[in-house]
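Asks: Chains as they are written, first to last, in my numbering: chain A, 8 to 351; chain B, 8 to 351.
Some hints could be false.
The list treats identical chains as one, so a pair stands whether inside a single copy or across any two.
[As the list claims (entries may be wrong)] Straight-line distance between alpha carbons at most 27 angstroms, and here's what the computed DSSO-like set of lysine-lysine pairs gives: (1) K269 with K43; (2) K96 with K139; (3) K38 with K341; (4) K211 with K139; (5) K127 with K297; (6) K211 with K242; (7) K242 with K297; (8) K297 with K211; (9) K43 with K259; (10) K38 with K242; (11) K211 with K127; (12) K259 with K199; (13) K127 with K199; (14) K297 with K139; (15) K43 with K211; (16) K96 with K341; (17) K242 with K269; (18) K96 with K199; (19) K38 with K127; (20) K297 with K341; (21) K341 with K259; (22) K38 with K96; (23) K139 with K43.
Just so you know, the hints here were simulated from the structure itself, not pulled from any lab data.
The residues making up each chain are set out below.
2 protein chains.
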Amino acid sequence: MKIIAGFFLAILALPAFAADPGTPWQSLPLKAPEPKDNLATPAKVELGKMLYFDPRFSETGTVSCFSCHNVMEGGDDHRPTSIGVHGQKGGRNAPTVWNAAFLSSQFWDGRAGTLEDQAKGPVTNPVEMGMKDLQSAIDRIGRIPGYRQPFEAAFGSGDAITIGNAAKAIAAYERTLITPGSAYDRFVSGNKTALTEQQIAGMKQFQALGCVACHQGPAFAGPVGLPTGTPFLMKFPMFPASPYVATYDLAKDQGRFESTGKESDRHMWRVPTLRNLVYTAPYMHNGAVKTIPEAVRVMGSTQLNRTLSDQEVNDIVAFLESLTGPFPTQAMPKLPPTPGDLLQ
Amino acid sequence: MKIIAGFFLAILALPAFAADPGTPWQSLPLKAPEPKDNLATPAKVELGKMLYFDPRFSETGTVSCFSCHNVMEGGDDHRPTSIGVHGQKGGRNAPTVWNAAFLSSQFWDGRAGTLEDQAKGPVTNPVEMGMKDLQSAIDRIGRIPGYRQPFEAAFGSGDAITIGNAAKAIAAYERTLITPGSAYDRFVSGNKTALTEQQIAGMKQFQALGCVACHQGPAFAGPVGLPTGTPFLMKFPMFPASPYVATYDLAKDQGRFESTGKESDRHMWRVPTLRNLVYTAPYMHNGAVKTIPEAVRVMGSTQLNRTLSDQEVNDIVAFLESLTGPFPTQAMPKLPPTPGDLLQ
């Protein structure tokens, strides 16, 4: 997996990635990219939705993808850090699933290259879904007779119920969880009245201050065109002397270093999307920052070494609010019945 | 609250309650009864659905009504007993929410008279949603700005966000969670091919053996026409010498006695619905019995002091399977965003 240290590349690469040459602003596409070996079908998406909502994938039968990535709200769990099986707390803030399909890597540290890979992670994490191993998880699902038909509809008859197919189906469903059509999207698509004066002022500040160096592209999470599997990484905090680092304990978790152990990964993080922030409080990898204005101040200080004025903060917040929704209406999936001895 | 000891009354009362005089068989109405002081409106039902799915009603922000009453499946949680906040286990099997609107009382011991009363119970149960008190719960919801509009749409402007209104909205939503149109319903409505020969044989056995003495009425949970708030109670186990009582530890929990302390309530239980059993394994108040055939054998032994033949069991199981669904298609609710300091 090739890794891009975002800060320097991003500045060089901006014009080349921009849909409209000369501007870093891109609207969210109406369809998420999908890998050639996992093209979506209605049957696959429907199966993926069932699995996404199915708590029987967890040791206790109480935690599903949906538990921490609530698509009835902001695609996260409203908490600083998540709670998995047996009431255990995780260490990082749940990233939103909305528009994850547009990111070039998954998890806060980009350690999963694809949605398919990501989907398998929480299943065996002892503080998330807590299954012993992936085989136990898919064996559990395979013991639910009503899953045979939807798996075969999605993947053909035969040995359809595999962890690989389950992950593919969940990823195919997640590629439908996108929110094009925000006020910002309408603005950059030509509707010049879609943003308020203040939002336009904030957009200019966002560019002038340099926020857009990292938070660029359709998802504000990195340049468009980065190959899937290539995390767009950034150092955080860039300025460790910022008083916010102590206030919010922002340097304790060393980011990608925690999973790779490489010195070059210390405090490196995947640049998170800025879409739908209105719905994803609290903020930062540890969920320590409670409001968008404060998050903007923190980022100004820790990444740009600047103390932003109230005016700058307010304008940027107004702009960030324009990146909200709309969330598509979804029908609830119907889950097959449980054998009585499946869960103890 | 007037209490009916079901066994004796039921036998006397059967003809009077039957829609078709002379038969105990009634189809499920297409609409659930509703109290005069809580007539449904679309705005109230939609608010109720939002609240039903909202985990922010729990201490940790992880447990909603939906967590243990999963309307994407059988309206329960597939577990022997439920798991609430901090991984704590409850003592009884989660009853299904499907068709609860047709029951004359709520909870396994009938201690809540109405859906409105029931909705408030789990919120402050320390092993369920774990809120300190109902006021804290509604204060929490009131701090979510996006709830003001839906509460006012449902209950008018002014002091709309109250625990009473929240319970009313949830109850109004639950009254939409009904499953008329099962094969059995179509059969008793005149479609004589809706049941198989075996199912009809099972239906006759169900009546001849006396199961229908308690499991009667549209929900198979008691006679139609019992005033709401009047639990239809039955002793269980009726024959404590049944070997199943020890095998499945069926007498440890003393039922209604545990909440009232009255001697006459010892081992008294509300008669549970038999609809959608295919979806609600495992069975009994403690979730100890894993399959429908075994549940039928247990009931034959503990309530009728009979050892049922395999043929009787198989026929009755076939009949019980005819009481399944259909479950209505539902759109997911959209929940308002969370202030970043709502949950710690």
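Asks: A separate judgement is required for each hint: does it hold in the structure or not?
Replies: Checked hints:
1. K269 with K43: neither (32 angstroms within a copy, 67 angstroms between copies)
2. K96 with K139: The answer is both: 18 angstroms in one copy and 21 angstroms across copies each meet 27 angstroms.
3. K38 with K341: For K38 and K341, the Cα distance is within 27 angstroms both inside one copy (25 angstroms) and across copies (22 angstroms).
4. K211 with K139: Result: close neither inside a copy nor across copies, 50 angstroms intra and 47 angstroms inter.
5. K127 with K297: neither (29 angstroms within a copy, 29 angstroms between copies)
6. K211 with K242: within (24 angstroms within a copy, 73 angstroms between copies)
7. K242 with K297: Within one copy only: 21 angstroms inside, 53 angstroms across.
8. K297 with K211: This pair counts as within: shortest intra-copy Cα distance 25 angstroms, inter-copy 63 angstroms.
9. K43 with K259: So K43 and K259 fail the 27 angstroms test inside a copy (39 angstroms) and across (58 angstroms) alike.
10. K38 with K242: For K38 and K242, the Cα distance exceeds 27 angstroms both inside one copy (30 angstroms) and across copies (59 angstroms).
11. K211 with K127: neither (40 angstroms within a copy, 49 angstroms between copies)
12. K259 with K199: neither (43 angstroms within a copy, 70 angstroms between copies)
13. K127 with K199: Classified as neither: same-chain Cα gap 42 angstroms, cross-chain 49 angstroms, threshold 27 angstroms.
14. K297 with K139: between (35 angstroms within a copy, 23 angstroms between copies)
15. K43 with K211: neither (38 angstroms within a copy, 57 angstroms between copies)
16. K96 with K341: Only across copies: K96 and K341 sit 26 angstroms apart there, 29 angstroms inside one copy, limit 27 angstroms.
17. K242 with K269: within (14 angstroms within a copy, 66 angstroms between copies)
18. K96 with K199: neither (45 angstroms within a copy, 55 angstroms between copies)
19. K38 with K127: Close inside one copy (23 angstroms), not across copies (42 angstroms); limit 27 angstroms.
20. K297 with K341: Intra 35 angstroms, inter 22 angstroms, cutoff 27 angstroms: inter-copy only.
21. K341 with K259: Classified as neither: same-chain Cα gap 42 angstroms, cross-chain 35 angstroms, threshold 27 angstroms.
22. K38 with K96: neither (34 angstroms within a copy, 43 angstroms between copies)
23. K139 with K43: Classified as neither; 31 angstroms inside a copy, 52 angstroms across copies.
Comparing the model with each earlier hint shows violations of hints 1, 4, 5, 9, 10, 11, 12, 13, 15, 18, 21, 22, 23; every other hint is respected.
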